[in-house]
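Residues per chain, in single letters:
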Amino acid sequence: MSDTAVQPRRAPARPTGTVSGPPGRAPGPLTHTAVMTARALRLSSRNIDALITSLALPIMLMLIFVYFFGGAIDTGSEYDTYVMYVVPGVLLLSAGFGAATTATAVSEDMKGGIIDRFRSLDVGGTPVLAGHVAASTVRNLCATALVFGVALLIGFRPAATWSGWLLAAVVLIAYIVALSWLSAAIGLLARTPEAASGFTFFMSFLPYPSSAFVRTESMPDWLHGFADHQPITPAIESLRGLLLGQEMGGTPWIALAWAAGMLTVAIAASGTLFRIRTR
Amino acid sequence: MTEPIRPNGYAPAAPSTTTTGTATAAPSTTTAATGPAAIEAHGLTKSYGKPAVRVLDGLDLRVERGAVFSLLGPNGAGKTTTVRILATLTEADSGTARVAGHDVVAERGAVRRSISLTGQFAAVDETQTGEENLRMMARLTGQSRSAARSRAAQLLERFDLTAAARRPVRTYSGGMRRRLDLAAGLVGSPEPGVFFLDEPTTGLDPRSRQELWEVVRELAARGATVLLTTQYLEEADRLADRIALLNQGRIAAEGTAAELKSRVGGHRLDLVLTSHDAYLRLASLAVHHSPETLTLGLPTDGSAAQVRALLDGLDPDGRDVERFSLHSATLDDVFLTLTSPAPAGTAGEPAAGRAPAARPAPATGTAPRPATEDASTNPEAPTHV
Chain B
1 MSDTAVQPRR
11 APARPTGTVS
21 GPPGRAPGPL
31 THTAVMTARA
41 LRLSSRNIDA
51 LITSLALPIM
61 LMLIFVYFFG
71 GAIDTGSEYD
81 TYVMYVVPGV
91 LLLSAGFGAA
101 TTATAVSEDM
111 KGGIIDRFRS
121 LDVGGTPVLA
131 GHVAASTVRN
141 LCATALVFGV
151 ALLIGFRPAA
161 TWSGWLLAAV
171 VLIAYIVALS
181 WLSAAIGLLA
191 RTPEAASGFT
201 FFMSFLPYPS
211 SAFVRTESMP
221 DWLHGFADHQ
231 PITPAIESLR
241 GLLLGQEMGG
251 TPWIALAWAA
261 GMLTVAIAAS
271 GTLFRIRTR
Chain Y
1 MTEPIRPNGY
11 APAAPSTTTT
21 GTATAAPSTT
31 TAATGPAAIE
41 AHGLTKSYGK
51 PAVRVLDGLD
61 LRVERGAVFS
71 LLGPNGAGKT
81 TTVRILATLT
91 EADSGTARVA
101 GHDVVAERGA
111 VRRSISLTGQ
121 FAAVDETQTG
131 EENLRMMARL
141 TGQSRSAARS
151 RAAQLLERFD
161 LTAAARRPVR
171 TYSGGMRRRL
181 DLAAGLVGSP
191 EPGVFFLDEP
201 TTGLDPRSRQ
211 ELWEVVRELA
221 ARGATVLLTT
231 QYLEEADRLA
241 DRIALLNQGR
251 IAAEGTAAEL
261 KSRVGGHRLD
271 LVLTSHDAYL
281 RLASLAVHHS
291 PETLTLGLPT
301 DGSAAQVRAL
311 LDGLDPDGRD
321 VERFSLHSAT
331 LDDVFLTLTS
341 PAPAGTAGEP
351 AAGRAPAARP
361 APATGTAPRP
371 ATEDASTNPE
381 APTHV
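In order, the protein sequence lines correspond to chains B and Y.
Residue 1 is where the first sequence starts when you use my numbering, and the numbers rise one by one after that.
Residue 1 is where the second sequence starts when you use my numbering, and the numbers rise one by one after that.
Everything labelled a hint here was simulated from the structure, so no lab data went into it.
All clues stand as given, with none of them false.
With the Cβ distance kept under 8 angstroms, some of the chain B side facing chain Y (calculated, not the full set):
(1) 27
(2) 31
(3) 35
(4) 42
(5) 43
(6) 46
(7) 114
(8) 116
(9) 117
(10) 119
(11) 122
(12) 279
Below are the SDA-like pairs computed for lysine to any residue, each with C-alpha atoms no more than 25 angstroms apart in a straight line:
(13) Y:50 x B:189
(14) B:111 x Y:205
(15) B:111 x Y:74
(16) B:111 x Y:175
(17) B:111 x Y:52
(18) Y:50 x B:277
(19) B:111 x Y:167
(20) Y:50 x B:275
(21) B:111 x Y:171
(22) B:111 x Y:127
(23) B:111 x Y:51
Here are some chain B residues pointing at chain Y (derived, C-beta under 8 angstroms):
(24) 26
(25) 39
(26) 47
(27) 112
(28) 113
(29) 120
(30) 121
(31) 123
Just so it is clear, CB atoms sit at the ideal spot from N, CA and C, and this is done for glycine as well.
Using the sequences plus the hints, can you model the full thing?
Encoded structure:
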């Protein structure tokens, strides 16, 4: 996904691009997406407060769970320490938090006149959203790297195979992209940036009723059923299994199917919402 | 007097009726009626919301190549909607429009490549610098990195923003922001192109406004076609070759500033009255109201015979009028005369107080311009709510 940040350079020898004339050929969605990604990255790198929050919050949460609650949580005999159990959950939790900021960014864009400007330059809605999603993915991967680094410091000891590492990365990135795009759709749905950040609450909350922090068997029956079948649980289970080298069957594929489904719905919904908002 | 002499241009043969009579009156229209117009619209309608509010109600427009054309009207008249339709951002419910020779629906891409749009809301990123904004826009039009860089530098120079090029836009003044916005609109468009400026000076201080007027004049001097919407009559008067008064989704009147002024008789007779009772009695006849000075303005052709007749008719006993003075009509008079919902000013509420209904009209109704106040509640821009 982060590959989209690489700008397709035009051959410098080409004699188009005269300063006042129109471009020889209309640029395509790929060029637009690349420019929009660079823009979204620049915007988030200047929003220092949000950046610090999105990097620090997941680490804070992990420390809170490991040191405040961890001692009281029984995760069974498979796990020597709580930190071994909780890290995949924290990774997904931070993906949810990180993705949620996409909604605010998209909503800010819709509020001002910049979307009209882009449209008058013949830039469609999808490249604009794709730029925000790509930037969100980059931000999230930074946060993930930090969380992972701190996790190693406080005693997380992964035992993954090479293919396990790879598949874990694919699952995590797929969730980050899907949740970010879902969040972009929410940003289009909300009429103000404040409402957008409120709407994304459920997304940040979704990892709690799952196997992220406690075993789902410890929950009441009705919640247990939900927790086992909601989209975040397979992702957490796959990350945990892959990183700790456990046997886990088809769970990663279920997780990827969820991510693909969410992404499809998010892209379709955001396309429709964008057309409605810009009518 | 409230009847427009020419009941606007939306007869079936609209373009010819509007152009034949004016070919001589538009000095900067080089190709006059023969060549293709830069902007041409027929029977545009547009409704928004549920229940549907009709914002445009059969709008016809023709702007010649190289002309500066001003669309003038109060809030809610349909100015922004018109611009958004012509700039391909919104589709009309019915009617057709061509801009720079291309259909705004079928050939949207071609239209977008030949126009420049500056809307009411600054369409630049606050946290990027001026230079970054322009380079980004240039890249979006398909220019290479180096071409984008030099185009940005060129535009920053031209709009006098070179010194501020590396500062984030949020540190810019309102005027600088609008200039950057204009520059952004120019980034990929060939010149001379078609420029849409939607209320470009709303909210600017007088100095910034002057600067922006200079920019518009410069664009016009390079041969660009400019469609400018404004609620400031002075602005239309100063900049535009031709002016269309937009009211309730239709063109209420169109012509040069001089032609429009002649519609209201060419002059205005201002009467200073002796009593509040006299003011209330005569208020409904006037196009200009100034309750705090007990002054009313009435349209007249300025001839001695008519002024005498008016004075005798209004004040047969010679007690109600204290002083009078005679002025050339301003566009304000035209505006108020042609856009009044009813014969101007009823029941002691001056026409000038009808737009901002927030305060008690007669006591503090000093607003000389009726339509400049409530931009924040503009019902024309539903997509930005």
